[in-house]
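**Q** Which chain is which? The protein sequence lines are U and X, in order. Going by my numbering, the first sequence opens with residue 380, and the numbers climb by one from there. Going by my numbering, the second sequence opens with residue 1442, and the numbers climb by one from there.
These aren't lab readings, by the way, just hints derived from the structure by calculation. Check before you lean on any hint, since a few could be wrong.
[To be verified] Across the chosen pairs, the derived CB separations fall in these ranges:
#1 U:Gln418 - X:Pro1572: 43 to 51 Å
#2 X:Asp1741 - U:Glu387: 45 to 53 Å
#3 X:Pro1567 - U:Lys439: 44 to 52 Å
For clarity, every value in this text was computed on a predicted model and none was experimentally measured. Glycine included, C-beta positions come from ideal geometry on N, C-alpha and C.
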Amino acid sequence: MTESNGFEPKIIGFFCNWCSYAGADKAGGMQQAYPPNVQVIRVMCSGRVDPQFILSALVKGADGVIVLACHPGDCHYKEGNCRALQRHRLLLLMLEQLGIEKERCRLDYVSAGEGEKFNRVIHEMVAAVRTLGPLMPLPEHDSHTIRSDAPMSSVAAP
Amino acid sequence: MPEKPKLAIYWAASCGGCEIAVVNLHEKLLEVDAALDLMFCPCLLDTKKKDIEALPDGAIAVTLFNGALRTEENVEMARLLRRKSRILVAFGSCAKGGCIPALANFTTTDELLATLYRDNPSLDNPEALIPAGTTSMPEGDIHLPALLGRVLHLAQAVEVDYYVPGCPPESHQIWNVIETILSGDLPPKGSTIGCGTLTVCDDCDRTKEDKRITAFRRSYEFYPDPTACLLEQGLLCMGIATRSGCGAPCTKANMPCSGCYGAPDGVSDQGAAMVAALGSVMDIGDTAGLSEEAIAGRVDAFLAAVPDYAGLFYKYTLASSTLGGRVGSSKSTPLSPPLSGGKCSAPPLTRGGREGLTQVPDCNLSKQSGEIAE
């Protein structure tokens, strides 16, 4: 699916309270326009973003997830961003095996002063996911859980 | 003398190890027999499906159902036993989370069939026949239980009363489960029983110190120190993300935990929990002065030591994991390289009026509704 089909990516953003969230504020303060596709969840540290949150977001309808952290060495809690990076690189390897493109799960660094970089990263993320299309293209398959009253034809292929 | 309550043990897509674990109750089996009438167990007894069908609904007190759901027949038996049983227990990791059979969810069903029946070099199948639910023969249609589009765990097909983890469940825990059920003092429905709530680390008596791993290592590479934490020695021991209750027999035998008891209480996705844990203990060394790309590269180099993280971390729980298997993404790359000759479902490999043989189930990969056993 492409832009011409009216696909608007839904992206969940986990932004670190100390740098990236302030960076997003900075971009707003600079009145820079950026796509509204990223729904922001402010976390105290990128190290707080459990990989379970990312998987849950993807399974509950997000087409992509972006985690924004402090630059290496700038973490308010010393090494939370380092942990986030290590988890992210490992999660990418697993997501590839699970059929999810790495562009759908991005980690980047935005400091409190980097409004312009924030703007660029969000533009890039939205464009990348827009190109990939929806994560789950078939809404009618939203659940493969079989109910006991469902006919057998619905659980087995022809 | 009043009739003893009926006990059934059924296997769906399983290996028989759960039955072995029950037999490993040894002399306690006599106590089981004294209290319960083991009346259905295809592995051990000759009772037939029609005998179960002839019972009134709810006639069986307890069914221990092991095995994942791979075929239509598995689902049919799950529904039958659900109807006939007052307590249905998802017994063992296959019934609880999919276990080894559910590793098939890393690929699509037609890729799976193509590999198994058409492309493996050791095959002798010149007609490229692939089993299907219905096959037209000159004499008429013949039927086999068709594969489901995806391997399911028991609770994805029927309502489950209790879950017993383990591959197989440890015999002392099986005894605890039977005692619990016999006592009549049952935990809330949906509970995971015959296990602890913490992690295997709680059962493991190795010395645990500060966890900073400078490299991942694999079991074949070295002989681990028998007293120090295996994770601290670089082995990807899953104990840190696995439910307690087994007594840690693997780490006692100097082998890393492979995670068969599934996720502990409060964790919905064992693989994600492992990622979170490892992300905290990896030590890539001093990164001062390195560029962000160089730091990421160093992490990647660290991670390159292990080839199959998803298979390792979801070995027992893929069906009940958040994603449930490979996701039907619009442009995703398959795990395996594309099959020569394309997918087996198209073009039809017809031969001599046997069109039916070429039909393979669609892969029905889709979003899971987040229904997780824990």
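**Q** Taking the hints in turn, state whether each one holds.
**A** Hints and how they fare:
1. U:Gln418 - X:Pro1572: 43 to 51 Å: The hinted range 43 to 51 Å holds for Gln418 (chain U) and Pro1572 (chain X), with Cβ atoms some 46 Å apart.
2. X:Asp1741 - U:Glu387: 45 to 53 Å: 32 Å, violated
3. X:Pro1567 - U:Lys439: 44 to 52 Å: With a Cβ separation near 47 Å, Pro1567 (chain X) and Lys439 (chain U) satisfy 44 to 52 Å, so the hint holds.
Hint violations for this structure: number 2 only, all remaining hints satisfied.
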